[in-house]
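Student: Single-letter residue listing:
2 protein chains.
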Amino acid sequence: MSHRFDLRGRFAIIRMAMSEDSRLSTIIEAARKRFAHFGVAKTTMNEIAHDIGMSKAALYYYFPDKDQLVVAVVDQDLEKFSAVVDTMINRPSRAAHKLKKYVSIRNAFFKELLTLAKIEQLGVADLFDPMFSHLRANLFKKEKELVAKILATGIREKEFTRASVEEHAELFVCGLIGLRSAALVINPVTPIHNIEVVDAQTRLFVDMFLKALRP
Amino acid sequence: MSHRFDLRGRFAIIRMAMSEDSRLSTIIEAARKRFAHFGVAKTTMNEIAHDIGMSKAALYYYFPDKDQLVVAVVDQDLEKFSAVVDTMINRPSRAAHKLKKYVSIRNAFFKELLTLAKIEQLGVADLFDPMFSHLRANLFKKEKELVAKILATGIREKEFTRASVEEHAELFVCGLIGLRSAALVINPVTPIHNIEVVDAQTRLFVDMFLKALRP
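The listed protein sequences correspond, in order, to chains A and B. Its first residue numbered 1, the first sequence is counted upward by one per residue in the working numbering. Its first residue numbered 1, the second sequence is counted upward by one per residue in the working numbering.
By construction, these hints were calculated from the structure, which means they are not laboratory data. Be aware that one or more of the hints could be misleading.
Intra- or inter-copy, both count: the list cannot distinguish identical chains.
Derived lysine-lysine pairs resembling BS3-like cross-links, with alpha carbons at most 30 Å apart [claimed, not checked]:
(1) K56 - K101
(2) K141 - K211
(3) K141 - K101
(4) K33 - K158
(5) K66 - K158
(6) K211 - K142
(7) K42 - K101
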């Protein structure tokens with residue numbers, strides 16, 4: 001590699017990086033639109049390429065297959081979710097209120113994800129697909145951080161009893177994940193409208209959690 | 001059908017039913033032994049038939065395949081589990097103690113089930129296998145009944161605050177199922193020794209549940 005100072009070359013690299021970035025978001029936005037209108041299953045890579053006037057080869061250069069495009073779309077949603085929660089957490093209000101708000105933002109987020117994917121039946125396969133393992137791990141880590149933040153505030157403000165933030169954040173997030181997946185264990189093909197049952201259970205879970213955290 | 005009173009015929013039917021019953025339990029016990037020693041996967045129908053000196057055809061008459069034999073073995077375990085819990089519930093002690101005891105009996109029961117099946121890795125497939133859907137539904141119903149019994153006692157004795165027994169029993173059981181499956185959602189291939197983590201979480205869940213139920 002040359003160590004020669006080359007301003008023009010550097011600018012060229014920055015320009016390339018920028019156009020890569022904007023190309024990526026153009027693709028992701030096009031994919032998102034297709035997925036939302038027709039569902040993931042009914043969308044082809046050809047259609048996405050056609051929508052943005054890109055060659056199929058160019059599209060495959062960025063995303064070797066549709067699965068990776070799904071991951072990119074959901075990853076972007078995760079970032080948004082995390083940002084929305086962060087804004088909410090930083091507003092002045094009681095920690096108990098924030099924890100409830102967290103759950104309702106989370107529920108809305110999952111409903112949107114399911115709509116995006118046009119998943120009529122929430123199959124077990126969708127939950128455990130190895131393709132999503134990175135996303136799942138990522139989401140779990142983020143959720144624990146966000147909930148830990150809320151719990152730490154509540155304990156600091158003496159709204160909650162002193163308790164292990166780490167342990168309780170993990171129990172809370174696992175509880176939320178668990179109630180949804182318990183519905184699947186009991187009935188492996190849970191139609192989306194049954195999610196209302198899970199939502200009611202989740203509210204009861206949050207109430208109990210808050211009661212137990214009272215000083 | 002003849003309505004003629006035929007005592008001898010009736011006795012013959014009862015005798016047949018009894019020998020069917022003892023044949024069934026001989027088969028189930030033989031299967032249980034094989035499963036426990038060699039695991040379900042490594043056991044063949046031939047071996048079970050050979051162990052009890054039964055023809056393969058006769059064995060297949062009672063159990064069309066190995067899966068149904070697995071279901072029969074586990075079903076018997078469920079009955080035992082239910083009986084053990086019932087005895088515990090009927091002893092005089094505090095409801096909070098009974099709820100904790102319930103969880104420890106339950107954990108021991110699941111560990112035994114996993115040992116029986118020689119499942120080294122608790123795969124997602126095992127949890128959701130449609131072959132087990134009847135067992136799952138059955139277990140869920142029984143668990144809800146048993147926990148509801150404990151909660152009702154606690155409320156009657158004013159040890160617990162007044163609350164919907166049905167709702168709370170369901171949340172409790174779904175929570176137990178959920179914490180275990182959450183571990184799988186986060187990491188689809190959870191080695192059995194990781195179950196210790198789930199056990200610790202379960203204890204925290206029970207503690208929170210009991211705290212929230214305080215009058």
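Student: Next step is simple, just say for each hint if it's right about the structure.
Tutor: Now for the hints, and whether the structure bears them out:
{"no.": "1", "hint": "K56 - K101", "result": "neither (43 Å within a copy, 61 Å between copies)"}
{"no.": "2", "hint": "K141 - K211", "result": "both (25 Å within a copy, 27 Å between copies)"}
{"no.": "3", "hint": "K141 - K101", "result": "within (19 Å within a copy, 32 Å between copies)"}
{"no.": "4", "hint": "K33 - K158", "result": "neither (46 Å within a copy, 56 Å between copies)"}
{"no.": "5", "hint": "K66 - K158", "result": "neither (49 Å within a copy, 58 Å between copies)"}
{"no.": "6", "hint": "K211 - K142", "result": "both (24 Å within a copy, 28 Å between copies)"}
{"no.": "7", "hint": "K42 - K101", "result": "neither (34 Å within a copy, 51 Å between copies)"}
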